[in-house]
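Produce the entire structure from the sequences given, and follow the hints as far as they go.
In case you want the letters, here they are:
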Amino acid sequence: GAGVSQTPSNKVTEKGKYVELRCDPISGHTALYWYRQSLGQGPEFLIYFQGTGAADDSGLPNDRFFAVRPEGSVSTLKIQRTERGDSAVYLCASSRTADDTIYFGEGSWLTVV
Amino acid sequence: KQEVTQIPAALSVPEGENLVLNCSFTDSAIYNLQWFRQDPGKGLTSLLLIQSSQREQTSGRLNASLDKSSGRSTLYIAASQPGDSATYLCASDDGGSQGNLIFGKGTKLSVKP
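In the order they appear, the protein sequences are chains R and D. The opening residue of the first sequence carries number 8 in the numbering used here; numbering runs sequentially from there. The opening residue of the second sequence carries number 7 in the numbering used here; numbering runs sequentially from there.
Just so you know, the hints here were simulated from the structure itself, not pulled from any lab data. Note that the structure is predicted; figures quoted are calculated from it, not measured. By construction, the Cβ of each residue, glycine as well, lies at the ideal position given by its N, Cα and C atoms. Hints are supplied without guarantee of correctness; some may be wrong.
Unchecked claim - The following residues of chain R were derived to be distant from chain D, with all beta-carbon distances above 10 angstroms: (1) Thr-14; (2) Pro-77; (3) Ile-109.
As the list claims (entries may be wrong) - Derived, one-sided and incomplete: chain R residues facing chain D with beta-carbon distance under 7 angstroms: (4) Tyr-40; (5) Leu-46; (6) Pro-50; (7) Phe-73; (8) Ala-105; (9) Thr-108.
Here you go:
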C-alpha cells in the first residue's frame with residue numbers, strides 16, 4: 008500500500024492476556040519505529056529497527072514488551088500479561104533512512120479491561 | 007535526556023490570521039527536527055523536516071525555522087484556515103539515536119471561520 012498500515016485498528020483485551028500488534032511499513036523503508044501515545048500526550052518512543060535488527064530498544068517499558076521484524080519489512084509488537092496501564096494508541100512509523108521524513112500509520116488503539 | 011516543550015498548549019485564532027507555534031529543546035546536539043500535524047483520532051502527518059545543518063524549511067503556507075544554539079524551533083502558518091485546526095507536534099532526536107524521536111505535548115490549534 009501507499010502508507011504505513013497497522014492492524015488491528017482497535018483491540019479490547021482482558022488484563023493478563025497476550026496481544027500482538029502488526030505494522031506494514033511503506034515498501035522500501037529500512038527504518039521502522041514503534042511509539043505509544045496516551046491521551047493529551049505526545050508519542051513516546053518504544054523501539055526503532057534498522058532493517059531486521061533493533062537499533063534502539065531503550066523505550067520498551069519492561070520485559071513484557073517485545074518487538075520483531077524478522078524479514079526487514081513487517082513488524083510485530085508483542086505485549087505479554089497486559090495491564091490496564093498498557094491502554095494507549097500504539098503508533099508505527101517508517102522512513103527510508105533514519106534521518107529522513109517519518110511516516111506514521113493510523114495507530115492501533117489498545118484497551119485493557 | 008532530551009526534553010521538548012511546546013508553547014502554547016492551545017491556541018484559538020480567527021481565520022486569515024498569521025500565527026507562530028513555538029518549540030524548545032534542551033539538548034542542541036540533534037540530527038534533525040520535525041513538525042507533525044495530528045487530527046483527532048488519527049496518526050501523525052509529517053509537515054516539515056529540518057536537518058541540523060539547515061536553518062529553515064518551507065512548504066506552502068508553512069515555514070519552520072531551527073536555531074540549534076538557542077534550542078528553539080518555530081512553525082509559522084500564514085493566512086490560517088479552518089482546515090488548519092489540529093494538534094501540531096514537534097519532535098527531535100537526542101543526538102544519540104536518530105530513530106529515537108522525543109516529542110513535545112503539542113499545540114492544539116483552532117482556527118475559527
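Each hint, compared with the structure:
no.	hint	verdict
1	Thr-14	13 angstroms, holds
2	Pro-77	18 angstroms, holds
3	Ile-109	6 angstroms, violated
4	Tyr-40	6 angstroms, holds
5	Leu-46	11 angstroms, violated
6	Pro-50	5 angstroms, holds
7	Phe-73	17 angstroms, violated
8	Ala-105	4 angstroms, holds
9	Thr-108	5 angstroms, holds
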